[in-house]
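In order, the protein sequence lines correspond to chains B and D.
Just so you know, we're using numbering that gives the first Met the number 0 here: the first sequence kicks off at 0 and counts up by one.
Just so you know, we're using numbering that gives the first Met the number 0 here: the second sequence kicks off at 0 and counts up by one.
Hints were generated in silico from the structure; no laboratory data involved.
Just to be clear, a hint being listed does not mean it is correct.
[As the list claims (entries may be wrong)] Keeping only pairs whose Cα atoms sit at most 20 Å apart, straight-line, the calculated SDA-like set for lysine to any residue is: (1) D:Lys244 / B:Val63; (2) B:Lys69 / D:Ala564; (3) D:Lys485 / B:Ala72; (4) B:Lys69 / D:Pro489; (5) B:Lys53 / D:Gln67; (6) D:Lys485 / B:Pro70; (7) B:Lys69 / D:Gly484; (8) B:Lys69 / D:Glu486; (9) D:Lys175 / D:Ser57; (10) B:Lys53 / D:Glu486; (11) B:Lys69 / D:Phe558; (12) B:Lys53 / D:Lys485; (13) B:Lys53 / D:Ser239; (14) B:Lys69 / D:Lys485; (15) B:Lys69 / D:Glu236; (16) B:Lys53 / D:Thr66; (17) B:Lys69 / D:Lys487; (18) D:Lys258 / D:Thr549; (19) B:Lys69 / D:Gln67; (20) D:Lys244 / B:Leu16; (21) B:Lys53 / D:Met229; (22) B:Lys69 / D:His557; (23) B:Lys53 / D:Gly155; (24) B:Lys69 / D:Thr549; (25) B:Lys69 / D:Ala482; (26) D:Lys244 / B:Ile60; (27) B:Lys53 / D:Thr549; (28) D:Lys487 / B:Met71; (29) B:Lys69 / D:Lys175; (30) D:Lys487 / B:Pro70.
[Said to hold, decoys possible] Computed far set for chain B versus chain D, every beta-carbon distance over 12 Å: (31) Ala64; (32) His65; (33) Gly66; (34) Tyr67; (35) Val68.
[Stated by the list, open to error] The following label-pair restraints were derived from C-beta to C-beta distances: (36) B:Val76 / D:Gly365: 51 to 59 Å; (37) B:Glu29 / D:Gly378: 50 to 58 Å; (38) B:Gly66 / D:Ala168: 52 to 60 Å; (39) D:Ala91 / B:Tyr62: 49 to 57 Å; (40) B:Glu31 / D:Ser117: 29 to 37 Å.
Ideal Cβ positions, reconstructed from N, Cα and C, are used throughout, including at glycine.
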Amino acid sequence: MVSLLLAGNAVLAVCYLALIAGTMAFAAIEVEFAENVRGDEAQVAQLESQYFAKIASINTIDYVAHGYVKPMALIYVPSRTDALTIR
Amino acid sequence: MRAAFRSRLRLILALLILGGLLILVRLYFVQVVNGEEYALKADRQYASAAGALYDRGSIYFTRADGTQVSAATLSTGFLAAINPSQLKDATAAYAAIDQAASGTVSRAFFDAAATSSSVYVEIAHHIDQASGAALAAKKLPGVLVLRERWRTYPAGTLAAQSIGFIAQAADDTELKGRTGLESEYEGTLSRDGDSLYKNFFAELFSNIGNVVVDARDARQGDVATTIEPMVEARLAEDLSGVNEKYSSKETGGIIMDAKTGAIYALGTFPTFDLNDLGSADPATLENPLVQNVYEFGSIMKPLTMASGLDAGVITPATTYDDTGCIHVDTATICNYDLKARGVIPMQQILSQSLNVGASWIATKLGPTEFRSYFTKLFGTKTGIDLPAEGSALLSNLKSPRQVEFDNMSFGQGIAVTPVQMVRALGALANGGSMTRPHVVSAIDLDSGIPRDLDWSGASTVFKPETAAEVSSMLTVVVDTKIANGKEKIPTMSVAAKTGTAQLTDGHGGYYKDRYFHSFFGYFPATNPRFVILLYTNDPKGVEYASETLTSTFFDLVHFLIGYYAVPPDRAAA
Chain B
0 MVSLLLAGNA VLAVCYLALI AGTMAFAAIE VEFAENVRGD EAQVAQLESQ
50 YFAKIASINT IDYVAHGYVK PMALIYVPSR TDALTIR
Chain D
0 MRAAFRSRLR LILALLILGG LLILVRLYFV QVVNGEEYAL KADRQYASAA
50 GALYDRGSIY FTRADGTQVS AATLSTGFLA AINPSQLKDA TAAYAAIDQA
100 ASGTVSRAFF DAAATSSSVY VEIAHHIDQA SGAALAAKKL PGVLVLRERW
150 RTYPAGTLAA QSIGFIAQAA DDTELKGRTG LESEYEGTLS RDGDSLYKNF
200 FAELFSNIGN VVVDARDARQ GDVATTIEPM VEARLAEDLS GVNEKYSSKE
250 TGGIIMDAKT GAIYALGTFP TFDLNDLGSA DPATLENPLV QNVYEFGSIM
300 KPLTMASGLD AGVITPATTY DDTGCIHVDT ATICNYDLKA RGVIPMQQIL
350 SQSLNVGASW IATKLGPTEF RSYFTKLFGT KTGIDLPAEG SALLSNLKSP
400 RQVEFDNMSF GQGIAVTPVQ MVRALGALAN GGSMTRPHVV SAIDLDSGIP
450 RDLDWSGAST VFKPETAAEV SSMLTVVVDT KIANGKEKIP TMSVAAKTGT
500 AQLTDGHGGY YKDRYFHSFF GYFPATNPRF VILLYTNDPK GVEYASETLT
550 STFFDLVHFL IGYYAVPPDR AAA
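With the hints as extra help, turn the sequences into a complete structure.
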């Protein structure tokens, strides 16, 4: 009986240690993943800043200075089945 | 029995050895593989009691194709600090940190370095990844390079007043949203700190409820706006152009979905860069589109016309005798050019923007009906999801005199916010019902579930046939009157109206030579998709709104037609 209790206690002790190790490992992995996500988001933010800067530069282009003029007229025509669809 | 006892002993021993091996393996990973990283974290816990890296949800613009682009997010980098008690070469440390911080470190560094009793002094913030890593690699004694996160706004000045910013307040050192969406959605965007650094094991046993089902998952998330970045950029460019060309005090605009009230773009100029609050003019930090009230002038006339038609006191075929000027109570009301037109139909009140005609409709309506319609239009706030929304100034609706109602009929003596104005005029584009203007479409919760916000519940002001009739009239204004009909788009019906109001002089009167210009319109007029409101406050050297805002309005119309591929709604004549 005593030996059974001792064995049970030993098993519980090992399980307890394993639980600590497991939860610490899980927490470390979770921290690492979260840091990686935030790091990726920061890199995306840099790309987005470049995107907005590009939009601003496009909007400020002086087309006349580059030799372009506004179209004389805009005419809508019926579409053909083989027409190229842009959108 | 002895054999059984020995086998049990061996089993226990094996389990103990296995447990020990597991711990050894974990120790290897902690001490050897990730040792440096934990040492850095330990440094940070010692150095900064607050401990946690800054964390906050993001705010997104939504492109026409549905993809999201950050309006407010987090940047990751480093901060450089020194431990004066361990600093060996202050000059070398200064040079290295200054190089990493792009030359922004002041000479006060040496005073801080000389205080040998200190153990931690922060020197430079927001150092980028590459520079911070290079500084850390130098391993200078006494120089600490610590991970840092901060709020960043990739779009800079776009919709700055509406996105808002985070800051500390005099009575509150916590970094919180103070203006705009950052403030309005503070509960959604704020995070409790980097909770991952908490002791998970302790949480497991003391706070098991939160570990299993975290209540924060139902609240914390990212904010998805209805703002389209390309449209916003185009609007911002146009507004700054008008403001600079006419040296206006302020120029603003709103582009809204006619059916849902979703705002595609909103902005004012002058504005400020959200990433450089130190250089911002404090006067530009508030959001005049929701906070300030203005007398919009003649763009009120379509609402007067709609009220008259809806109440049945006039029809499109009704005529009146325009004498150029009328005397009401003790005041004189005149057309802009003081000229009489004789007997003319209702269309001409909008086409020629006649104050006498608008006053005539107000008189026909009578104070009770006029008050009823304008209270429905402007008596309540819009409930837009931006903070500090102002209320309209409608005290003249209680006046016992007719002259106040006549003035209000053409947009003077009544002051409303731009967002109230676009909501009211938007009723003409939405079958007579006012939508609920809003800037946020959904909350993307941290749990992964998107929570759409319900902005339904339009309030009916006019009958659909009334709205259709006024839309038809405003289309005639564009096709025949604005810029003498040169802006007419043969294949697209556009309804629009200009407004030129005299600015108040602060003494109960109006300036004779200072104006508030406005321009309102929507298209396609037969089934509106977009509503546009523009204004410019106190433009110099120009009298009428048709001069300042016409080209800007139609630039936006053509841009939207192309960007959203809006199909034509009428055949070219």
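Right, here's what the structure says about each hint:
no.: 1; hint: D:Lys244 / B:Val63; in the structure: holds (18 Å)
no.: 2; hint: B:Lys69 / D:Ala564; in the structure: holds (19 Å)
no.: 3; hint: D:Lys485 / B:Ala72; in the structure: holds (12 Å)
no.: 4; hint: B:Lys69 / D:Pro489; in the structure: holds (17 Å)
no.: 5; hint: B:Lys53 / D:Gln67; in the structure: holds (17 Å)
no.: 6; hint: D:Lys485 / B:Pro70; in the structure: holds (15 Å)
no.: 7; hint: B:Lys69 / D:Gly484; in the structure: holds (18 Å)
no.: 8; hint: B:Lys69 / D:Glu486; in the structure: holds (14 Å)
no.: 9; hint: D:Lys175 / D:Ser57; in the structure: holds (13 Å)
no.: 10; hint: B:Lys53 / D:Glu486; in the structure: violated (30 Å)
no.: 11; hint: B:Lys69 / D:Phe558; in the structure: holds (13 Å)
no.: 12; hint: B:Lys53 / D:Lys485; in the structure: violated (32 Å)
no.: 13; hint: B:Lys53 / D:Ser239; in the structure: holds (18 Å)
no.: 14; hint: B:Lys69 / D:Lys485; in the structure: holds (15 Å)
no.: 15; hint: B:Lys69 / D:Glu236; in the structure: holds (19 Å)
no.: 16; hint: B:Lys53 / D:Thr66; in the structure: holds (17 Å)
no.: 17; hint: B:Lys69 / D:Lys487; in the structure: holds (16 Å)
no.: 18; hint: D:Lys258 / D:Thr549; in the structure: violated (24 Å)
no.: 19; hint: B:Lys69 / D:Gln67; in the structure: violated (32 Å)
no.: 20; hint: D:Lys244 / B:Leu16; in the structure: violated (74 Å)
no.: 21; hint: B:Lys53 / D:Met229; in the structure: holds (11 Å)
no.: 22; hint: B:Lys69 / D:His557; in the structure: holds (12 Å)
no.: 23; hint: B:Lys53 / D:Gly155; in the structure: holds (13 Å)
no.: 24; hint: B:Lys69 / D:Thr549; in the structure: holds (17 Å)
no.: 25; hint: B:Lys69 / D:Ala482; in the structure: holds (18 Å)
no.: 26; hint: D:Lys244 / B:Ile60; in the structure: holds (17 Å)
no.: 27; hint: B:Lys53 / D:Thr549; in the structure: violated (27 Å)
no.: 28; hint: D:Lys487 / B:Met71; in the structure: holds (14 Å)
no.: 29; hint: B:Lys69 / D:Lys175; in the structure: violated (48 Å)
no.: 30; hint: D:Lys487 / B:Pro70; in the structure: holds (15 Å)
no.: 31; hint: Ala64; in the structure: holds (16 Å)
no.: 32; hint: His65; in the structure: holds (17 Å)
no.: 33; hint: Gly66; in the structure: holds (20 Å)
no.: 34; hint: Tyr67; in the structure: holds (15 Å)
no.: 35; hint: Val68; in the structure: holds (15 Å)
no.: 36; hint: B:Val76 / D:Gly365: 51 to 59 Å; in the structure: holds (52 Å)
no.: 37; hint: B:Glu29 / D:Gly378: 50 to 58 Å; in the structure: holds (52 Å)
no.: 38; hint: B:Gly66 / D:Ala168: 52 to 60 Å; in the structure: holds (53 Å)
no.: 39; hint: D:Ala91 / B:Tyr62: 49 to 57 Å; in the structure: holds (53 Å)
no.: 40; hint: B:Glu31 / D:Ser117: 29 to 37 Å; in the structure: holds (32 Å)
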